[in-house]
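Enquirer: Each chain, letter by letter, is given below.
There are 2 protein chains.
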Amino acid sequence: MTSLKGNCLVAQSGGPTSVINASACGVIQEAFRTGEINEVYAGLNGIAGILNEEIFSLNEEHPEEIELLKVTPASALGSCRYKLKSIEEGEKDYRRIIDIFEAHNIRYFFYIGGNDSMDTAHKVSLYAQKVGYELRSIGVPKTIDNDLPIIDHTPGFGSAAKFIATSMKEIGLDARVYDYPTVTICEIMGRNAGWLTASSALAKEFEDQAPHYIYLPEMPFSFEKFDKDVRSAIEKYNHCVVAFSEGIKTEDGKYVSEIGSENKAVDAFGHVQLGGACEVLESYVVRNICKKVRTVNFSTIQRSAAHWASLTDNEEAYMCGQMAVRYGVEGHTGKMVGMIREKSKDYHCNTQLIDLEDVANREKKIPREWINEEGNFVTTEAVDYIKPLIMGEVKLRMENGVPRYARLSKKLIAKKLDVWKVK
Amino acid sequence: MTSLKGNCLVAQSGGPTSVINASACGVIQEAFRTGEINEVYAGLNGIAGILNEEIFSLNEEHPEEIELLKVTPASALGSCRYKLKSIEEGEKDYRRIIDIFEAHNIRYFFYIGGNDSMDTAHKVSLYAQKVGYELRSIGVPKTIDNDLPIIDHTPGFGSAAKFIATSMKEIGLDARVYDYPTVTICEIMGRNAGWLTASSALAKEFEDQAPHYIYLPEMPFSFEKFDKDVRSAIEKYNHCVVAFSEGIKTEDGKYVSEIGSENKAVDAFGHVQLGGACEVLESYVVRNICKKVRTVNFSTIQRSAAHWASLTDNEEAYMCGQMAVRYGVEGHTGKMVGMIREKSKDYHCNTQLIDLEDVANREKKIPREWINEEGNFVTTEAVDYIKPLIMGEVKLRMENGVPRYARLSKKLIAKKLDVWKVK
Numbered sequence: 002m003t004s005l006k007g008n009c010l011v012a013q014s015g016g017p018t019s020v021i022n023a024s025a026c027g028v029i030q031e032a033f034r035t036g037e038i039n040e041v042y043a044g045l046n047g048i049a050g051i052l053n054e055e056i057f058s059l060n061e062e063h064p065e066e067i068e069l070l071k072v073t074p075a076s077a078l079g080s081c082r083y084k085l086k087s088i089e090e091g092e093k094d095y096r097r098i099i100d101i102f103e104a105h106n107i108r109y110f111f112y113i114g115g116n117d118s119m120d121t122a123h124k125v126s127l128y129a130q131k132v133g134y135e136l137r138s139i140g141v142p143k144t145i146d147n148d149l150p151i152i153d154h155t156p157g158f159g160s161a162a163k164f165i166a167t168s169m170k171e172i173g174l175d176a177r178v179y180d181y182p183t184v185t186i187c188e189i190m191g192r193n194a195g196w197l198t199a200s201s202a203l204a205k206e207f208e209d210q211a212p213h214y215i216y217l218p219e220m221p222f223s224f225e226k227f228d229k230d231v232r233s234a235i236e237k238y239n240h241c242v243v244a245f246s247e248g249i250k251t252e253d254g255k256y257v258s259e260i261g262s263e264n265k266a267v268d269a270f271g272h273v274q275l276g277g278a279c280e281v282l283e284s285y286v287v288r289n290i291c292k293k294v295r296t297v298n299f300s301t302i303q304r305s306a307a308h309w310a311s312l313t314d315n316e317e318a319y320m321c322g323q324m325a326v327r328y329g330v331e332g333h334t335g336k337m338v339g340m341i342r343e344k345s346k347d348y349h350c351n352t353q354l355i356d357l358e359d360v361a362n363r364e365k366k367i368p369r370e371w372i373n374e375e376g377n378f379v380t381t382e383a384v385d386y387i388k389p390l391i392m393g394e395v396k397l398r399m400e401n402g403v404p405r406y407a408r409l410s411k412k413l414i415a416k417k418l419d420v421w422k423v424k
Numbered sequence: 002m003t004s005l006k007g008n009c010l011v012a013q014s015g016g017p018t019s020v021i022n023a024s025a026c027g028v029i030q031e032a033f034r035t036g037e038i039n040e041v042y043a044g045l046n047g048i049a050g051i052l053n054e055e056i057f058s059l060n061e062e063h064p065e066e067i068e069l070l071k072v073t074p075a076s077a078l079g080s081c082r083y084k085l086k087s088i089e090e091g092e093k094d095y096r097r098i099i100d101i102f103e104a105h106n107i108r109y110f111f112y113i114g115g116n117d118s119m120d121t122a123h124k125v126s127l128y129a130q131k132v133g134y135e136l137r138s139i140g141v142p143k144t145i146d147n148d149l150p151i152i153d154h155t156p157g158f159g160s161a162a163k164f165i166a167t168s169m170k171e172i173g174l175d176a177r178v179y180d181y182p183t184v185t186i187c188e189i190m191g192r193n194a195g196w197l198t199a200s201s202a203l204a205k206e207f208e209d210q211a212p213h214y215i216y217l218p219e220m221p222f223s224f225e226k227f228d229k230d231v232r233s234a235i236e237k238y239n240h241c242v243v244a245f246s247e248g249i250k251t252e253d254g255k256y257v258s259e260i261g262s263e264n265k266a267v268d269a270f271g272h273v274q275l276g277g278a279c280e281v282l283e284s285y286v287v288r289n290i291c292k293k294v295r296t297v298n299f300s301t302i303q304r305s306a307a308h309w310a311s312l313t314d315n316e317e318a319y320m321c322g323q324m325a326v327r328y329g330v331e332g333h334t335g336k337m338v339g340m341i342r343e344k345s346k347d348y349h350c351n352t353q354l355i356d357l358e359d360v361a362n363r364e365k366k367i368p369r370e371w372i373n374e375e376g377n378f379v380t381t382e383a384v385d386y387i388k389p390l391i392m393g394e395v396k397l398r399m400e401n402g403v404p405r406y407a408r409l410s411k412k413l414i415a416k417k418l419d420v421w422k423v424k
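These protein sequences, in sequence, are chains A and B. Residue numbers are given in my numbering: position 344 of the first sequence equals residue 345, and the series is strictly consecutive. Residue numbers are given in my numbering: position 122 of the second sequence equals residue 123, and the series is strictly consecutive.
The shape of chain A in the complex, shown without the other chains (with noise of 0.2 Å):
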């Protein structure tokens, strides 16, 4: 163990999940925990805060309030989409970066993330050791998509997955109430790949249940296809529910959530119609199949829904945090800490330390082996590696019959660099 005393700074990206601040609580309270942080800070709204050096201290804040944050979806800390260039590009950036963290004292740096992330908090750790300034920089997965490589699976997917099979479930017990024939279409977030939408299947027990077809962007989609299936389902069950991932593609590769764009009608008010993939295939039933069409864009809710939290997910969130903090004080950096399913009977995940830049910018999807032959729904071995992910539900604390959720005070610290703005 290579003690390095100094400050810490946590710091989100990327789409919020319902537990990247379980993962931040990790990291925060397993900070406090150890002797080897002072304070700690966090940066808000991700990289493009820090480069403005919005910082702020989590040793303000209530303890309440930070426990709280283990049950609290969206990202508590601010998020941001900025992408930091290579060190080569964009050097002007990666010098601020150290020039803020030394005037802060900041030794640790801990960024909750997808691929996009995990780029930049291996850069940020490159660059570190370029310029000689002792850092240990380690990532924390989060996402609800799942498609980070080498890992079992990701912080955020567990509870997002549990959220959409319940949905469906409960959506398709809605959709087969009437006596004549309906279609209900849904979709679900996942531009490249399909696990999230996989996981619908786990709402299915038998054969008449929904979804009655799922469809992946790692297949490309057909109407042809989706014509037959939907009319196929609506002869044996007089109701037929899809679910499909918002990424899906045509055969020669064009998003069908464009298809008609280039036509959009402009209306009386001079406003564009908008529309996804779900509006397509919608209009493509009601022309063709059936009147009878609800839509479901599970939108913004699949990856927020914290009051359905997966406690498996949620548990594995806070570790995965807790375990940045304990890699970072023995002395790693570069790290990300990665999910890794034991092979026993029972389901068991371990943490492991894997390279940064093994993980960055690159994507998982779902194995053509996992997808059935006729490309329009996961095998069991798909729906077997999924379920312990959805296991068990988090204790809330109730207030007027929602949830309490935290609430932080994100007073910022006083300024030590000149002002800087984030293009």
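These aren't lab readings, by the way, just hints derived from the structure by calculation. Don't take every hint at face value.
Chain copies aren't distinguished; within one or between two, either way the pair holds.
No farther apart than 20 Å at their CA atoms in a straight line, the calculated lysine to any residue pairs in the SDA-like style are these [stated by the list, open to error]:
no.: 1; residue 1: Lys-396; residue 2: Leu-312
no.: 2; residue 1: Lys-131; residue 2: Ser-233
no.: 3; residue 1: Lys-293; residue 2: Gly-277
no.: 4; residue 1: Lys-205; residue 2: Lys-250
no.: 5; residue 1: Lys-237; residue 2: Tyr-181
no.: 6; residue 1: Lys-237; residue 2: Glu-40
Given chain A, put chain B in place with the hints provided.
Expert: Same frame as chain A, but now just chain B:
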């Protein structure tokens, strides 16, 4: 107490809710308990199925599945949108219903539904009296819209309101994570009454929290006012979350959802571009205020989210079903079971008999004094009225990380009458 030995028939109608089956369960279990009822039948798909003599027996279902109905969303007995004509115009239908009741010795008819269904229960009661068929017809209210007159509230509303309030809190946290301005537009069910949309206000504790504005069908919608509201929230909080009812209309009585529809595009595939009020508002904001807009349409999620049902609502729904049987056995007919709030400090509701004719086809809207002067939010009176209805959480039976809901076999009994086809 006028004893009337015979069988009973329970059926469901209209849009599903999270607790409509809790009411059915109350009817069924109470009918089993009382010594007055022999067989407990269900009409498949409400009055439409009854006209087809599509009936199954709850005595044949597993008691455990009946118990699970208590927490199962959507209409487990099936539903319909069939509206009976007046007795003068549609006597054939009524004659048919009484013939079926007579053939199966059905002496109790419990109909669970909204305004239209109460109208049906009422007319069937009247017709039975007219032709001298002894029948006890009792209505059990349900609707997430909370728009039945006289009674304090309807079963189904509290659970939908709890889900909306909780999700709004979660979506609100999600909507504020970025460092650039964003607008989130949330569409909530309610064609003419804004009760459910109003319940989004229960997400808000502090001024800066979502929802920033609530637009109800009770007030005319103005794009100018909307524009001003959204800009003001962005200025103050760097983000804006609005909740609105699907049924909002402009000053001239036109549904916002229909604006621009005369001009809707037909895309490259010949598909009609569909969309509701959500898309119209999104389009307005993108063109005029801010490019970063998210839409959230709660669709059927809001009425089927039994995993987050209100315990209060759930227990009341069960009680309404149970009391319907007791009132029927006592000799009442042509009545609805209504919930009346006691004038006490702590919330408590009792059931009371309401004349069906006073309820049928009438709507209860939010009173003007419960909407703020500007017409863009609700008052604390509205919040205080809704709050007790969303209290408590239901205990679910979990299997594989998702709730286990009831599954009835619904084996139809042998028909005794000639075939009949509902038009």
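Enquirer: At 20 Å max between alpha carbons, let me know whether Lys-237 reaches Glu-40 within a copy, between copies, both or neither.
Expert: Neither, since 63 Å and 31 Å both go past 20 Å.
Enquirer: Have a look at Lys-205 and Lys-250 and pick one of within, between, both or neither, based on CA distance no larger than 20 Å.
Expert: Result: close neither inside a copy nor across copies, 25 Å intra and 39 Å inter.
Enquirer: Tell me, please, which holds for Lys-293 and Gly-277 at an alpha-carbon limit of 20 Å: within, between, both or neither?
Expert: both (19 Å within a copy, 15 Å between copies)
Enquirer: Can you tell me if Lys-131 and Ser-233 fall within 20 Å by alpha carbon in one copy, between copies, both or neither?
Expert: neither (61 Å within a copy, 47 Å between copies)
Enquirer: At most 20 Å between C-alpha atoms: does Lys-396 with Leu-312 qualify within a copy, between copies, both, or neither?
Expert: both (8 Å within a copy, 16 Å between copies)
Enquirer: Given a CA cutoff of 20 Å, do Lys-237 and Tyr-181 count as a within-copy pair, a between-copy pair, both, or neither?
Expert: Intra 13 Å, inter 49 Å, cutoff 20 Å: intra-copy only.
Of the hints listed earlier, those the structure fails to meet are numbers 2, 4 and 6, in rising order.
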